[in-house]
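Note that the protein sequences, when read in sequence, are chains A and B.
So in the UniProt record's numbering, spot 115 of the first sequence is number 115, and the numbers just go up one at a time.
So in the UniProt record's numbering, spot 37 of the second sequence is number 37, and the numbers just go up one at a time.
Be careful, since some hints might not be right.
Identical copies go unnamed one by one, so any copy, or any two together, can satisfy a pair.
[Stated by the list, open to error] Derived BS3-like pairs: lysine-lysine, alpha-carbon spacing no greater than 25 Å straight-line: (1) 67 / 214; (2) 189 / 253; (3) 214 / 140; (4) 251 / 217; (5) 251 / 77; (6) 15 / 235; (7) 201 / 47.
Think of the hints as simulated: they come from the structure by calculation, not from any bench.
2 protein chains.
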Amino acid sequence: MSVQTKATIASFGGKLLKLAHNATTTNCEMGFNLYLPPQTTINALHKVPLIIYLAGLTCTGDNGAEKGFFQHAASQKGIAILYPDTSPRGLKIEGEDDSYDFGSGAGFYVDATREPWSKGYKMYSYITSELPKTVFENFKEIDGERVSIFGHSMGGHGALTLFLRNPGKYKSVSAFAPIANPINCDWGKRAFEGYFGEENKEKWAEHDATELVKKWKGEPLDILIDVGTADNFYKQGQLLPENFVNAAEGKGKVNVRWQDGYDHSYFTMATFADDHINHAARYLLEKA
Amino acid sequence: MSVQTKATIASFGGKLLKLAHNATTTNCEMGFNLYLPPQTTINALHKVPLIIYLAGLTCTGDNGAEKGFFQHAASQKGIAILYPDTSPRGLKIEGEDDSYDFGSGAGFYVDATREPWSKGYKMYSYITSELPKTVFENFKEIDGERVSIFGHSMGGHGALTLFLRNPGKYKSVSAFAPIANPINCDWGKRAFEGYFGEENKEKWAEHDATELVKKWKGEPLDILIDVGTADNFYKQGQLLPENFVNAAEGKGKVNVRWQDGYDHSYFTMATFADDHINHAARYLLEKA
Chain A
1 MSVQTKATIA
11 SFGGKLLKLA
21 HNATTTNCEM
31 GFNLYLPPQT
41 TINALHKVPL
51 IIYLAGLTCT
61 GDNGAEKGFF
71 QHAASQKGIA
81 ILYPDTSPRG
91 LKIEGEDDSY
101 DFGSGAGFYV
111 DATREPWSKG
121 YKMYSYITSE
131 LPKTVFENFK
141 EIDGERVSIF
151 GHSMGGHGAL
161 TLFLRNPGKY
171 KSVSAFAPIA
181 NPINCDWGKR
191 AFEGYFGEEN
201 KEKWAEHDAT
211 ELVKKWKGEP
221 LDILIDVGTA
231 DNFYKQGQLL
241 PENFVNAAEG
251 KGKVNVRWQD
261 GYDHSYFTMA
271 TFADDHINHA
281 ARYLLEKA
Chain B
1 MSVQTKATIA
11 SFGGKLLKLA
21 HNATTTNCEM
31 GFNLYLPPQT
41 TINALHKVPL
51 IIYLAGLTCT
61 GDNGAEKGFF
71 QHAASQKGIA
81 ILYPDTSPRG
91 LKIEGEDDSY
101 DFGSGAGFYV
111 DATREPWSKG
121 YKMYSYITSE
131 LPKTVFENFK
141 EIDGERVSIF
151 GHSMGGHGAL
161 TLFLRNPGKY
171 KSVSAFAPIA
181 NPINCDWGKR
191 AFEGYFGEEN
201 KEKWAEHDAT
211 ELVKKWKGEP
221 LDILIDVGTA
231 DNFYKQGQLL
241 PENFVNAAEG
251 KGKVNVRWQD
261 GYDHSYFTMA
271 TFADDHINHA
281 ARYLLEKA
């Protein structure tokens with residue numbers, strides 16, 4: 001469970017650490033970034049909560065840290081941010097690097113059951129268990145009892161499904177342009193067929209936010225979702241947030257904000273970054 | 001003077017335009033980005049001031065727009081941002097793309113006098129004249145009488161020298177980790193030898209911020225400069241801000257802030273972006 005520090009970068013009064021560890025769930029070295037807000041350096045005994053940012057297709061842990069501007073509000077609020085990678089790397093599975101939407105960079109936050117992907121494409125276990133355990137062991141300034149999650153696109157799917165599958169594990173969830181009903185869109189169908197097999201439709205439903213929210217029996221939901229009206233992937237039917245909203249009827253608040261003219265890019269996330277950190281802060285700090 | 005719009009991206013309530021035009025000074029198509037703050041779309045008759053961001057070695061107009069976080073405060077204050085490229089592109093001069101610190105991506109904001117670079121490496125004329133003229137003609141919402149300038153590293157050198165060579169042209173100037181005395185550092189010597197020739201030392205001095213500030217006879221200076229104490233290029237003697245500060249003695253205020261632990265990267269700029277926009281805003285809005 002040891003972690004190697006590749007770089008320490010000052011950012012918004014705190015530190016962005018570029019880290020790596022040998023992960024057993026994914027069978028390879030995994031890089032990730034961790035932002036420690038200034039509150040942790042000012043007082044080493046002060047424990048800060050954590051928010052996990054799950055990135056979208058093609059990304060690594062770097063994209064959000066460089067272009068999301070999440071450190072801005074996290075610094076003010078005193079929240080650490082964990083930026084994991086989006087898949088195992090270099091497993092040498094045939095075809096692993098051939099597509100932007102399957103294999104490397106496209107782990108979809110599931111545990112693959114189908115060979116050969118089941119060898120290391122276990123991003124569900126990695127994100128929900130191995131990575132946070134490693135982080136909490138190595139960074140005592142982080143409070144493992146106060147964790148929220150959010151994400152973008154494929155990472156929005158990850159955030160919603162991890163939250164809904166694990167009631168109480170995460171204090172809050174929010175998403176930018178999430179793939180909200182993957183069993184009914186091309187990206188999701190391709191990934192779930194590849195990682196679970198065509199026949200295993202039960203598994204598909206277990207990782208579909210819209211199917212999961214129908215069965216939600218936890219506390220009333222309070223989910224913030226931003227979708228841009230100029231998001232081409234929304235227009236292509238890859239995101240389907242309406243399906244999620246309809247399925248969540250009666251389960252609490254799903255606040256989908258249709259952001260006029262905004263696209264699927266990190267420019268959108270930078271613009272609304274503070275809102276998502278502040279949404280989490282209400283649960284991590286005020287209500288905790 | 002026509003401008004081609006390649007993309008329009010929503011950002012912080014305004015629009016980031018990805019633009020290109022055929023530039024005569026540089027003899028090629030030049031890409032650039034222009035951020036129009038929300039104030040311009042709310043009221044088309046409302047003219048906004050402009051700040052020009054000059055980027056560093058290897059960069060294009062994209063780096064600052066994606067990673068600098070400058071749109072955050074510019075949006076609140078109502079200031080447009082112009083993000084030019086750092087050199088001509090594709091002139092097919094032998095060796096043009098061989099080095100990160102000379103030729104393409106490294107125009108140093110000078111007009112080369114030496115063959116073959118004098119064919120198109122005219123970034124001084126491009127930034128001070130052709131580009132702003134093109135922008136003001138095509139974007140009537142920008143007030144050409146209220147312009148500030150700032151930049152990073154090579155772009156910090158550009159911002160300081162363009163400001164000091166043209167008293168009154170820019171309302172304010174600031175810089176991140178500027179190459180403040182290029183005639184005395186490796187980067188600057190290599191560039192000035194290449195663009196001006198070894199013998200032409202008078203030209204060298206005309207584009208050296210430290211030499212220029214000695215001769216400053218304009219209004220008392222008020223310059224904001226951030227330098228990180230973990231900046232490797234500072235440690236290597238490429239920046240030499242102390243020389244600039246000493247040379248500026250008696251010419252007004254040069255506020256060098258030594259940012260503890262910060263490096264040469266865009267993470268530093270994102271952290272202090274608001275301060276630089278606000279510095280310009282005092283001159284572009286309050287004192288204008």
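Now the hints, each set against the structure:
1. For the homomeric pair residue 67 and residue 214, neither the shortest alpha-carbon distance inside one copy (34 Å) nor that between copies (39 Å) is at most 25 Å.
2. Proximity of residue 189 and residue 253 under a CA criterion of 25 Å is satisfied in neither setting, with 28 Å inside one chain copy and 62 Å between copies.
3. In the homo-oligomer, the alpha carbons of residue 214 and residue 140 never lie at most 25 Å apart, since the shortest distance is 37 Å inside one protomer and 52 Å across protomers.
4. Taking the shortest Cα distances, residue 251 and residue 217 sit within 25 Å of each other inside one copy (8 Å), while across copies they are farther apart (69 Å).
5. In this assembly of identical chains, the alpha carbons of residue 251 and residue 77 never lie at most 25 Å apart, being 29 Å within a copy and 40 Å across copies at closest.
6. Proximity of residue 15 to residue 235 under the C-alpha cut-off of 25 Å is restricted to the inter-copy arrangement: shortest distance 20 Å between copies versus 38 Å within a copy.
7. Taking identical chains as interchangeable, the C-alpha atoms of residue 201 and residue 47 are never at most 25 Å apart, the minima being 42 Å within one chain and 58 Å between chains.
Violation of the numbered hints given earlier is confined to hints 1, 2, 3, 5, 7; the remaining hints are satisfied by the structure.
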